[in-house]
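Let the hints inform the model, and build the full structure from the sequences given.
Those protein sequence lines, which keep their order, are chains V, U and Z. Once you know that position 234 of the first sequence is 234 in the working numbering, the rest is easy, because the numbers rise by one and skip nothing. Convert by adding 286 to the 1-based position in the second sequence; the result is the number in the working numbering. Convert by adding 1078 to the 1-based position in the third sequence; the result is the number in the working numbering.
Derived from the structure by calculation, the hints contain no laboratory data. Bear in mind that the values here come from a model prediction, so they are computed numbers and not experimental data. We put the CB at the ideal spot given by N, CA and C, even for glycine. Check the hints yourself; a few may be wrong.
[Said to hold, decoys possible] The following label-pair restraints were derived from C-beta to C-beta distances: (1) Ala-232/V with Arg-737/U: 26 to 34 angstroms; (2) Thr-1170/Z with Lys-870/U: 35 to 43 angstroms; (3) Gln-727/U with Gly-1241/Z: 38 to 46 angstroms.
[Stated by the list, open to error] Far from chain V by the CB rule (all over 10 angstroms, computed), these chain Z residues: (4) Asn-1095; (5) Ala-1097; (6) Ala-1098; (7) Glu-1100; (8) Pro-1105; (9) Arg-1106; (10) His-1128; (11) Gln-1152; (12) Gln-1159; (13) Gly-1163; (14) Ser-1208; (15) Arg-1213; (16) Ser-1237; (17) Arg-1243; (18) Ser-1244.
[As the list claims (entries may be wrong)] Away from chain Z, derived, C-beta distances all over 12 angstroms, residues of chain U: (19) Arg-295; (20) Leu-374; (21) Pro-421; (22) His-447; (23) Leu-459; (24) Gly-531; (25) Gly-532; (26) Ala-904; (27) Glu-912; (28) Asn-948; (29) Thr-1011.
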Amino acid sequence: MKPAPFAYHRPGSREEVDQLLAQLGSEAKILAGGQSLIPILNMRLAAFGHLVDLNHLAGEPAEPAVAGDELVVGPLVRQAAALESALVAERAPVVSQALRHVAHPAIRSRGTVVGSVLHGDPAAELPAAVALLAGSVRARSRRGTRPIPAARLWTGALENTLAEDEWVDELRLPVRQPDDGFAFEEFARRSGDYAICGVAARVRAADGELKAAVAYLGMGGLGQVHALQPMAAEEIDGPGLRSALTEAVAELDPGDDLHASARYRRWLALELGLSCVRRAAERALK
Amino acid sequence: MTTKLFGERVERREDRRLLTGIGRFTDDLGHDAAQAAFVRSDFAHARIRDIDVSGALDVEGVLGVYTHDDLQGGFAERLPLLIPHRDLKAPRTQYALARDELCYAGEVIAMVVASDRYIAEDAAQAIRVEYEELPVVVDLEQAVGAGPLTHSDAADNIGAHVSEMKGDVEIALASAPHVFKWRFRPERSASMPMEGRAVFARYDAGQDTLEVYDSTQAPTGIRAGLAELFELDWDRVHVIAPDVGGGFGVKVMQFYPEEVLVPWASRQLGMPVKWTEDRREHFIGSNQERGQIHEVRVGVDAEGRILALDVRFLHDTGAYCPYGLIVPIITAAQLPGPYRLSNYRYSFWSVFTNTVPVSPYRGAGRPQAVFVMERVIEHVARELGLDSLDVRRRNFIQPDEFPYDVGVSWQDGGPTVYDSGDYPSGFQLLLDSIGLDRARQQQAEARAEGRLVGLGVGCYVEGTGIGPYEGATISILPDGTVSAATGLSTQGQGHETIFAQIVADELGVPLERVSVTTGDTRRIGFGVGTFASRSAVVAGHAMLRAARSLRDQTARLASTTLEVAVEDLVFEAGAVHVRGVPEKSVPLARLTLVSNPLRYAYGRDARLAAELAQRAYAKADRPLPEGSRPGLSALEYYSPAAGVFGYGMHAALVEVDRRTCNLRILRYVIVHDCGRIINPLIVDGQVLGGLAQGIGGAFYERIHYSPEGQIQNASFMDFLIPYATEIPPVELHHLETPSPRNELGVKGVGEAGTIPVPAVIANGLSDALGVAIDHVPLSPEEIFQLLHPEPK
Amino acid sequence: MSVRVRSELQRVTLTVNGAAHELEVEPRWLLSDVLRHQLGLTGTHVGCEHGVCGCCTVLADGRPARSCLMFALQAEGLEIQTVEGLASADGTLHPLQEAFRRHHGLQCGFCTPGFLIAALPFYRTAEGMSDQELREALAGQLCRCTGYAGILQAVRAASRIEGERSQA
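So this is what it looks like as structure tokens:
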């Protein structure tokens, strides 16, 4: 389990990265935290002629920051830093909640937030949280920059819509509104494993009604957010929420795998969804 | 003798080096050695049409590329059958490098040796194999039915059929008030030590010697086998098992292909060669265990007394059976466990499938046996409306029935005769410890709240300490330290400590003055290996004997030196003293010098020793009198007449989360009896470690094969070894019923903790869910299916 | 397949346990391999090479990291700490090491360096953790021998041993 040979590039600036990707095209792969990429390379499930290591980019922030009403996460912000960030806990609590379920300390201390989002594993926590928040990434290349909203970031498992010469230098997440409540729940076989099923929920209290939205992980898709019909606070504890979530779950298309059947996953999605939305509602109403 | 170390909770002698990072595992050696990588079959069953190695030869840094065509003599023949059996009519073992037919995905096809492992993998990847795919059989029932052949030239997939009977099962069943029939299915699993296998070989052409470091549980056998294969004197071949990062059975095979090929390549290339198995290779290239299908008929009376038990089972031996029939024989012999079965019959079929070969994994057939027996008890109780705890009590062998003959053969070929035990007391202690009444009440309250809580219990007997023998060599060195060695190797069991305890007690020296070496044929060439929970019993007694012989020898010398009778000598604090005359003594260090009538200047005691030597041998007619020898050392062997049988019982209070369908273990209690305990620290560690593996086997760890014979979860992402978060706190109690079969009264402990756990968890879940459970490991998915069956 | 050519060696300076080492490495060489086979620091073990077992865990700038999921080149500029750096120069065991010995926190010893390193950043707070918190803090490290019981006790006890020493 040793990687195939590659040429290693260590750009010092974002512009140098642009340059390298323009030059190398599909032969190149960005290396940031490497916690998903290097296992794949070690197993020789993939090989790239060139790795472009972002870790020595000068002046990249180590922690998320707030710009206007958005939380900005640079390409080298580690999952551990985001998890420990009071700013994230306050402005994007669902990201903190999700990060607690991301692997283990030794993985989080290297793995980056942006990297996990782009890697696009349907069973990973961060893509679901980003989708729920309707975050976006800024793709850049020598040709310029463009925002890609979460809804259009992934085309399928482990596939994103970046062009060959593009990479991401920023993840932007809208910060919470005063009446937002968030919750995140997941079920995995062992602590830190990829989810069998997980749910990220936001409940926004407005005009005497609760507007809930949920995003799932481990349920096949990526980037989908299910907005539930607005409901009165009482309905959250009644059959209203169950039927709304049942509809949302019906839209999902989870597969069978070694650890769980689609039927079991749908059950989990509904059960976890109920408690997750309720918890988010409680927080919204506080 | 002063304070006994036997029985004391002493800290381990081996820990310092392991804690400071200076332990020596095989891959820690030979940084400059060439490195091997292997091409392994992509298919579970195929014929090799062609192997094109040209791509590999072009890779810079490649030193050698080998296929079966390159092998000659014994190397080109099939690997040995380690344990033949008269009923094993159609044994199969593999070639070191496959010749034509490939019978499991992972079978070794070609070897590459290169300057480093990275390049070796580059080259292995460049080798092209053209396959002709053959039909694959994975499922056991298909394999004995109309399924394809595992080996295309075989008549069928059955390697052996073995049956034995105690009493008369048919007659007993015919007259039994109740007869029931059930089926059980334990699934495939694997030992999965944290360190994979590794072999580092140095052949020296000038001296014609071969030295092999091997992460093995049985270096003595590897040495003997390599000597034969290489046609070298035993003295020219040495095998050393240095620090070994866990074994649990998978590292005792004699021989894996790599254990033959790496030394062979070292001789071919005239340079040191090393191979360190990676995790991917371990999944497809190292042995597995556990897959069986049982059909049970049981006859009982109205109180649940078992009148007859008839068990027929299929044992999955994988593509080859290098370990003979040991696993199914153990299953068959240990299935009755602590229960008195007057009429018992087993029939098993050892069945080939196109999967990784099977050999023992910690527990070795017993977890399956206990799962079957304990599920039978629960079923019987349920059918008859009885308390399953009462059913157990009614069937226990009683303390006055020992020695107790199970009535079928044991793995060593002799009868299965239990030596000692007290099952009813152990069971009572278990129930007291878990607080049965409170647990039942807790369960009732939880149920009233709609929670799914269940109590699971499981009992087992574990045969341990089998022969044929082990040896020990012990010397007193001129600095007064004691150096002991035994042939079997160590994978974490603390042998360096427990053997030192035994030796230190006999020789009256402090523990820290005794060093123990294991698994090094340079120190002792005869020995068997660490498996079957045998080391403490067999090597422990070899140590005892050698220490005693050394003591006698030392005493004789001291008696002439001190001019007192042997009977008046006391061994204490590293010296021999005259009883009642404290000032009259001689240190062991000096005695080693005294024993050697050779002048050499070094050594603090040299001058004194020279004087004493003259006195010791004053009346002799020659420098070294007849019957004496220079130095103080002894070599002794111990061969037990029969095995010794430990036992234990576990209880668990479990809960199923209705939302997630996951298992939560609320409480776990163990009662365990392995006879007299040499070191409680180590025994606790063995039992608790075994338990964690048992929990893995009950709920997390299963090797999943596709119908095409591919392992679908060949990584730690998907083969779910529990982390600390998945293991509950455990309450552990010991009983110490000494074995009457050996002097120390000890029994083995290595496998005990693992054995009953799948049964206990399955019983707990069955109780919580109110449904029958017929296989292990279980999973949240299966609990979901049990709770919410698919609408028909 | 085309012939793979050995990729070029690159110079790198690695700081391990406070000492700087100048080395030439291939870009693809994993930090775990370079620590073990270039620097001879074989206390860092390799158990899975896909980041799950934790045997190869080292500290990188004080944080635990899988050395099998880092190229050696990437460790340039980071302070790497391995198990060899734990005990004092005079051989005195680190309180964590001492605690592992007292509480039988190791059997075969293969996973042990990873556990010691993983516990190093937080052991001083372990005594106050709940059983579940402590188990979660150590999840990500696999042990196949001990069933974790001795490890949990040891990590909990280490700060006490440290306290005893500072009083002595």
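Tested hints:
1. Ala-232/V with Arg-737/U: 26 to 34 angstroms: For Ala-232/V and Arg-737/U the Cβ distance comes to about 31 angstroms; the hint holds.
2. Thr-1170/Z with Lys-870/U: 35 to 43 angstroms: Because 39 angstroms falls inside the window, the suggested range holds.
3. Gln-727/U with Gly-1241/Z: 38 to 46 angstroms: holds (42 angstroms)
4. Asn-1095: The claim holds: Asn-1095/Z sits with its nearest Cβ about 18 angstroms from chain V, beyond 10 angstroms.
5. Ala-1097: The assertion about Ala-1097/Z holds, with a minimum of 22 angstroms to chain V.
6. Ala-1098: holds (18 angstroms)
7. Glu-1100: holds (17 angstroms)
8. Pro-1105: violated (3 angstroms)
9. Arg-1106: violated (5 angstroms)
10. His-1128: violated (4 angstroms)
11. Gln-1152: violated (6 angstroms)
12. Gln-1159: holds (13 angstroms)
13. Gly-1163: holds (17 angstroms)
14. Ser-1208: holds (14 angstroms)
15. Arg-1213: violated (8 angstroms)
16. Ser-1237: holds (18 angstroms)
17. Arg-1243: Arg-1243/Z is indeed farther than 10 angstroms from all Cβ atoms of chain V, at 26 angstroms.
18. Ser-1244: holds (27 angstroms)
19. Arg-295: violated (9 angstroms)
20. Leu-374: Holds, since 31 angstroms exceeds 12 angstroms.
21. Pro-421: holds (30 angstroms)
22. His-447: The claim holds: His-447/U sits with its nearest Cβ about 35 angstroms from chain Z, beyond 12 angstroms.
23. Leu-459: holds (41 angstroms)
24. Gly-531: violated (3 angstroms)
25. Gly-532: violated (5 angstroms)
26. Ala-904: holds (45 angstroms)
27. Glu-912: holds (47 angstroms)
28. Asn-948: Fine: 15 angstroms to the nearest Cβ keeps Asn-948/U off the interface.
29. Thr-1011: With a cut-off of 12 angstroms, Thr-1011/U comes too close to chain Z, as the shortest Cβ separation is near 5 angstroms.
Of the hints listed earlier, those the structure fails to meet are numbers 8, 9, 10, 11, 15, 19, 24, 25 and 29, in rising order.
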